[in-house]
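Engineer: Protein chains in written order, with our numbering: chain A, 1 to 107; chain B, 1 to 391.
Hints were generated in silico from the structure; no laboratory data involved. One or more of the hints may lead you astray.
Estimated spans, in silico, between C-beta atoms of each pair [unchecked claim]: (1) A:Val105 <-> B:Ala133: 53 to 61 Å; (2) B:Ala44 <-> A:Asp39: 53 to 61 Å; (3) B:Ala14 <-> A:Arg50: 31 to 39 Å.
Where is the CB? At the ideal position from N, CA and C, for every residue including glycine.
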Amino acid sequence: MKAAARFRGMALTVYALELCFYGERGDYEVFPDRELGLDLVPLGKGFADRGWAVDESGPEVIMFQDPEGTEYTLYPDGRLIIEGLKPGSPAQAWTQAQGILGFEVVA
Amino acid sequence: MLAESSLVYLDSAATSLTPDRVVEAMSLYYGTVGAAAGRGIYRAAARATAAVEDAREVVASFFRCRADEVIFTHNTTDGINLVAWGMDWRAGDRILTTLFEHHANLLPWIRLRDKTGVELEIIKPDKNGFITADAFEGPLARGNVKLVAVTARSNVTGVDVPVGEITARARAAGAMVLIDAAQAAPHVPWDLSVVKPDFFVMSAHKALGPKGGGILFVRREIQDRLSPGRLGGGIVNDVDLETYAFCPPPACYEAGTYDVAGIVGLAEGLKILMEIGMGEVARHDRALGRRLNAGLRATGGVTVLGPDCGGDAPATCSFVFEGLKAHRAASLYDGFAGIAVRSGHHCALPLIKHYGYPEGTVRVSAYVYNDDAEVDRFLEITADLAKGRST
């Protein structure tokens with residue numbers, strides 16, 4: 001699925017892809033149509049400050065986990081891997097991604 | 001071949017890269033011909049028809065079969081489905097297949113069992129992890145086997161299946177044989193006049209060709225036992241409002257407008273492989289496979305699925321990390337090293353469950369354009385990831 005979105009005043013398209021999964025676990029990749037150039041270090045610190053478990057934090061990737069156990073891998077270009085949602089819940093992946101990347105869906 | 005030239009592409013079991021020559025051949029068709037094949041009297045239409053028939057001969061030469069045994073399809077899945085839904089099944093007919101199969105060579109048979117009452121038997125790997133010809137002996141001896149549908153190479157582990165021996169035994173028992181060569185066709189030489197399967201399927205996109213093209217070989221002597229699965233234009237000699245009469249094969253299996261550019265691209269990919277020489281392609285596959293498998297099996301924190309084929313290891317294998325999930329691992333290969341590998345269950349869930357990793361594995365697969373340095377770079381990153389270091 002895809003949607004028009006706005007990120008820091010920039011219009012872009014964001015895609016959500018359901019990765020292959022098994023059983024009760026659904027994995028997703030959310031990615032924008034252009035590189036976002038995210039500064040991951042402060043983002044990682046922000047997640048840690050929220051009390052989320054940050055497994056790895058650096059300028060090239062951050063890997064973290066929310067209190068529900070959902071795992072995230074985020075790259076500076078805005079690609080986000082979300083692991084551990086329920087299968088068939090792309091809308092939830094979309095919501096999670098909006099919160100983490102900070103984009104606003106406009107259509 | 002790739003705009004992003006720094007990419008180390010190790011996902012050829014999913015789809016191979018497309019050489020410039022293939023793209024140019026396809027582009028040339030659209031730029032200079034563009035007409036439909038088999039549909040017109042004008043010169044451009046004749047050239048399109050010639051392009052399709054020339055491509056058919058290239059395919060026949062590659063697989064050492066007759067041109068009229070070559071049917072153009074959309075891909076391997078399409079070819080298998082044409083067989084599944086084109087044969088005349090009776091309740092009690094038996095189909096043998098294996099646990100190594102891709103869903104493409106499993107789901108049609110499961111549905112067929114449910115709809116028609118045919119029996120489906122799945123051959124499991126032996127204690128060493130291999131599918132052997134001996135494992136088919138008992139099931140064949142029980143009789144009524146109409147079809148043995150078997151992959152020549154697992155798309156998960158890369159392990160080869162002795163399809164030549166299985167074909168010989170199955171045909172001796174009166175069964176027909178379908179070989180799924182999606183993985184094996186691009187990597188090893190084939191002589192279908194010697195192996196003599198009844199059906200043989202492959203995809204263009206794994207053999208340097210474009211996406212959306214494939215081949216279904218149907219042995220000439222059994223073509224009357226396969227009904228055309230898609231009906232429409234270009235497949236009939238006569239039609240009235242009550243009935244119709246099919247053209248002779250292969251045209252009767254190729255309804256609708258041909259993807260001429262795709263067929264031209266498929267043939268160009270096979271020509272490149274023939275120029276390299278399939279013996280050399282196979283040698284390169286084994287050389288990279290030995291390096292990959294030995295390196296992965298020596299890496300702590302990594303478990304490789306399936307048996308160790310040693311010197312015969314093909315350049316496709318799947319593995320898991322301790323404490324690092326497959327999708328995350330695959331994204332890290334890309335994020336840190338520009339290495340493209342596959343993650344997930346590879347459309348082979350029964351096999352992945354058999355190995356105990358239903359959440360998925362990482363699969364690495366090399367091809368003719370990869371070299372030792374790329375494999376070594378992959379192994380170096382693998383060791384880093386296994387140690388828990390991402391950078």
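Engineer: Hints first: check each against the structure and report whether it holds.
Structural biologist: Against the structure, the hints come out as follows:
1. A:Val105 <-> B:Ala133: 53 to 61 Å: At roughly 57 Å between Cβ atoms, B:Ala133 and A:Val105 fall inside 53 to 61 Å, so the hint holds.
2. B:Ala44 <-> A:Asp39: 53 to 61 Å: holds, 56 Å
3. B:Ala14 <-> A:Arg50: 31 to 39 Å: holds, 37 Å
In the structure shown, no violation is registered for any of the earlier numbered hints.
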